[in-house]
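Undergrad: Listed below, chain by chain, are the residues.
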Amino acid sequence: MRSDRLDRAPLPLKISACLGLLFLHLPILLIFLYAFTTEEKSYRFPPPGLTLQWFAVTWNRPDVWAALMLSVKVASLATAIALVLGTLCAAAVSRSAFFGREAVSLLVILPIALPGIITGIALRSAFSMADIPFSFFTIVLGHATFCIVVVYNNAVARFRRLSGSLVEASMDLGADGFQTFRYVILPNIATALLAGGMLAFALSFDEVIVTTFTAGQQSTLPIWMLEELIRPRQRPVTNVVAMVVVLVTLLPILAAYFLTRDGDRIAGAGK
Amino acid sequence: MTAILFENVSRHFGSVRAVDGVDLAVTEGEFFAMLGPSGSGKTTCLRLVAGFEQPTSGHIEIFGETAEGVPPYRRNVNTVFQDYALFPHLSILDNVAYGLMVKGMGKAERRRAAEDALAMVALPGYGARKPGQLSGGQRQRVALARALVNRPRVLLLDEPLGALDLKLREQMQEELKTLQKTLGLTFIFVTHDQSEALSMADRVAVFHEGKVRQVGTPEEIYRRPKTRFVADFVGSSNVLSRAQCRQLGFDAPAASLRPESILLGTPADGQLGLTGVPIAASFLGPINRLTLDCGGERIVASLPAGTPVPAAGEPVTLAFDRQDLHVMEEA
Chain A
1 MRSDRLDRAP LPLKISACLG LLFLHLPILL IFLYAFTTEE KSYRFPPPGL
51 TLQWFAVTWN RPDVWAALML SVKVASLATA IALVLGTLCA AAVSRSAFFG
101 REAVSLLVIL PIALPGIITG IALRSAFSMA DIPFSFFTIV LGHATFCIVV
151 VYNNAVARFR RLSGSLVEAS MDLGADGFQT FRYVILPNIA TALLAGGMLA
201 FALSFDEVIV TTFTAGQQST LPIWMLEELI RPRQRPVTNV VAMVVVLVTL
251 LPILAAYFLT RDGDRIAGAG K
Chain B
1 MTAILFENVS RHFGSVRAVD GVDLAVTEGE FFAMLGPSGS GKTTCLRLVA
51 GFEQPTSGHI EIFGETAEGV PPYRRNVNTV FQDYALFPHL SILDNVAYGL
101 MVKGMGKAER RRAAEDALAM VALPGYGARK PGQLSGGQRQ RVALARALVN
151 RPRVLLLDEP LGALDLKLRE QMQEELKTLQ KTLGLTFIFV THDQSEALSM
201 ADRVAVFHEG KVRQVGTPEE IYRRPKTRFV ADFVGSSNVL SRAQCRQLGF
251 DAPAASLRPE SILLGTPADG QLGLTGVPIA ASFLGPINRL TLDCGGERIV
301 ASLPAGTPVP AAGEPVTLAF DRQDLHVMEE A
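Chains as they are written, first to last, in the numbering used here: chain A, 1 to 271; chain B, 1 to 331.
Derived Cβ-Cβ restraints for the label pairs, each shown as a range: (1) A:F181 - B:D324: 53 to 61 Å; (2) B:G270 - A:G164: 54 to 62 Å; (3) A:A97 - B:G136: 22 to 30 Å; (4) B:F13 - A:L110: 27 to 35 Å.
Negatives, chain B to chain A, calculated, CB over 10 Å: (5) V16; (6) E109; (7) R111.
Negatives, chain B to chain A, calculated, CB over 12 Å: (8) T27; (9) F63; (10) M120; (11) L166; (12) K167; (13) R169; (14) S199; (15) A243; (16) L248; (17) G313.
Please keep in mind that the hints were generated in silico from the structure rather than gathered at the bench.
Each residue gets a CB set at the ideal place from its N, CA and C atoms; glycine is no exception.
Extracted from the complex, chain B is given alone in its bound form:
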């Protein structure tokens, strides 16, 4: 079933087109990442789902019901805010129980539910403290428990790991993924970190300048980027120009080629080849990164450690399989 549906949704702030004609369909139970640089419209999309923003035009459905005009407090979605937005005057337990309290649940019942939720995020017994007494990672977990205790059908996460240090972030990534699978909930996760999106999500939507540039599984996004922007943003992929494509025997505006698909040496049967002049090489542990100049375009190749690295300035031949070259729709 489709959990969230966007049909040609736009949200303009004055002359700024924060979201510009977005079509999206998030399936129930999936971990959906909205990936893009800051100002690309991903957070505005999340706020449109939560109900904090109304679309300028277009149509949004949440589980088949139209969302226009429905205030945030009548939507069965909950948000984990970037700054956590814990209520500073309430204890942790009252923070977590807040959603149940405003819905009129009895005190004993909601306290029990809140304690269960705190146990689920590995913070049992923290209920009596105030948000100011917790660390960033702990507040993150409280924000998660506060949202999940309401049993939303969709959980919206707005860069929830942005404020955490690297180690904690990796740990939380795993925990979030596990939690999502255990609960079978739909997660919509906004992030500007491409590795985070690729490692956690079932599907990724790449945003750029208010538009969705590509939607697909992490592997599709990584291996077959549709545009130069996606190729650049998702990972360091080589983009071959129209001239280079012609030289290789086909016509396309551009094509992407992963650095790890490139080998040194004469192309074998069924392989394609390029000639380039090495500019620089760097040692990165398991691989050597070689930067070459191929007719004015920079091409990066990842060579397995142990392969002899050609000297700078000596032209070399590069070989790669035809299917590793991915034709893009636009330059």
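With the rest of the complex left out, here is chain A:
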């Protein structure tokens, strides 16, 4: 469709595109670089020397482990809640017409459009009013609000492509509700759920604002990092942890991207 001339971008455009990408990603590389620096009080460039000692120090810090475990637990539980509720909600919105369907659809998506600080304050005051002490579960609930959105969005897109008569065909052939879910619905939405779940996990894992408002004494990994940056000692430990966070969140997002891309092709071929 495009002419050959348009395939070749002019040189200035190429240069500015490269600069833009560098601007986005060079700081991340710097974070990685300082994880190896020998200097622990301030980040000087270039680093005076390179060392692997901070990996060992990080490994032996119990506060890092506590924060990491808390983050993994919160993200897992929030994702699990989001998978169940998001899928059910997507099924209801895409399969049946009822009064207020569009409103429900909008309200479900709203938490991700709202600034995190609003969600955080709202939840905090709601928890205080209901006399619910801030704990692990209040963090999970806070994270679930926006985790549901990504699961819902993924699932609803897949449900819309599923022909409604597939469920009827399954029932017609003798499958009850559970069998229909197990053998027809689940295989068709599985990749969408996996993708949604991974995104939800990644979102929860590096969430700061909502967590600040809904946590009690606990520190999730991002909160721990914020606190750590203020301290003068062993600064590169934060950089080591940052590398871990990047890996833990980037891999699921990449996986989610490839899974949904494949899913599109498979679902498209069925039409």
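Given chain A, work out where chain B should sit, using these hints.
TA: For chain B alone, coordinates are given in the frame of chain A:
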């Protein structure tokens, strides 16, 4: 034996009366067509039999057992869906074996049964493919095999040939008819195509606005339509007005007269006659179609090719046998 019985069945969606007081009895082993324009309630009736809809009022029996409250998966009927509804993630063989799988049949046994079913619809060896790799006609056959492999007592077909091109549709019509006769199964076939219904079915129910207007053999429906709607929908039949009936010497709200029953010329003994002015004539191969104005009503006559066609504007006399004129119950 009565396979499906509807007693005063209604299904309303809000203020829409999709099915409105339908009485029907489908006999075991017959090829029963539900014919009607879209929105006439025929598909809703089929869904009531399958169990996807519950009647708002009235009573449905399937082989003498009441159907209310029985979910689709406990009814011994299977459906061939309009869009085929093949499972996109399963192979053709697993699609066909699905009903047997959920009933707990062993893997080897159900695979054999599925392969037999595929052979029956002339698709042997297609089991490993996915639905997306088949043509529309092939998917149609898979949907048929997937339903039949469960040995239903009634097969429901919801406009199954609607998406096929003309040639394939004619071929499938014959195959379906043969299959139904061979298996001795009850088929309920929903269609809006009157020629399809008339050529395939043992009996036809004509639907209009949620009601059954007439039930009968194709010949009865064609020759003796009860209402103007049936006469119009089933084929191009002439409908004579009350005034014309009076003029011919009897009192009826309306009467139907097939174009092929009309001859040119003075009526002989026992025949009736009408006078009309030819408006237009068209040549249709074996026949000439002549449109006339008979006292303000349009009358169409089919004249055998070779008959001289009268010139437009010159009044002519039309003759037909008394028994070809069919008195209708309503206008």
